[in-house]
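Asks: Put together the whole structure using the sequences plus the hints.
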Amino acid sequence: DTEVTQTPKHLVMGMTNKKSLKCEQHMGHRAMYWYKQKAKKPPELMFVYSYEKLSINESVPSRFSPECPNSSLLNLHLHALQPEDSALYLCASSGRLDSPLHFGNGTRLTVT
Amino acid sequence: DAKTTQPTSMDCAEGRAANLPCNHSTISGNEYVYWYRQIHSQGPQYIIHGLKNNETNEMASLIITEDRKSSTLILPHATLRDTAVYYCIVRVALGSGGSNYKLTFGKGTLLTVNP
Chain A
1 DTEVTQTPKH LVMGMTNKKS LKCEQHMGHR AMYWYKQKAK KPPELMFVYS YEKLSINESV
61 PSRFSPECPN SSLLNLHLHA LQPEDSALYL CASSGRLDSP LHFGNGTRLT VT
Chain B
113 DAKTTQPTSM DCAEGRAANL PCNHSTISGN EYVYWYRQIH SQGPQYIIHG LKNNETNEMA
173 SLIITEDRKS STLILPHATL RDTAVYYCIV RVALGSGGSN YKLTFGKGTL LTVNP
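Protein chains in written order, with our numbering: chain A, 1 to 112; chain B, 113 to 227.
Since the hints were made in silico from the structure, they are not lab data.
Calculated cross-link-like contacts (lysine to any residue; reagent style SDA-like; alpha-carbon spacing at most 20 Å): (1) B:K115 to A:L45; (2) A:K40 to B:V197; (3) B:K115 to A:D98; (4) B:K214 to A:L45; (5) A:K9 to B:Q157; (6) A:K38 to B:V197; (7) B:K214 to A:D98; (8) B:K115 to A:E58; (9) A:K41 to B:I151; (10) A:K41 to B:T117; (11) A:K9 to B:Q154; (12) B:K214 to A:Y51.
Replies: The structure is reproduced here in structure tokens:
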């Protein structure tokens, strides 16, 4: 069990679909992160939010749209994805930007 | 970004100490070394971090060389549940304000603990 909850655990979507990944933490953390992990590869940073403001965007394509509606929630909106976007999407949070990250167990996304 | 180099894989006997090395020869003076591990089908789990001094917590010990160019993570009594990919990461500060950081994962070491 982790203190960062991601839903859904699995998602299959077509290339024309719109879907959202959700992440929630109740540890009072003010920094939240999205990472993408392809099979047998290390996690790659996508976005960082600090105090609900986007702090880092690692040149992620616009078909991935993050949203941080409040300090406990982080969403990743998906639209017009490609099969190569299939991966494990990991959410993490930290008390501050210089604190250790706590990861959720991810959403395994398959794009057909 | 400071790069890290780790062996691709290591084996350890159950009950013995596991010593995982990491080279980070380009590390800067204010950059921390972090260790995470990832058990199959789970998210990465924080283990320990340090700057200059050796650190110990309930999970592991971190030994950093005096020149800070390498470090070793020590699991004192490895169990089968410690089988995982272990990532050594140098946390990079972004900009001059010192308030924005990035954690970039390298390829990690697959530690297999054998019965």
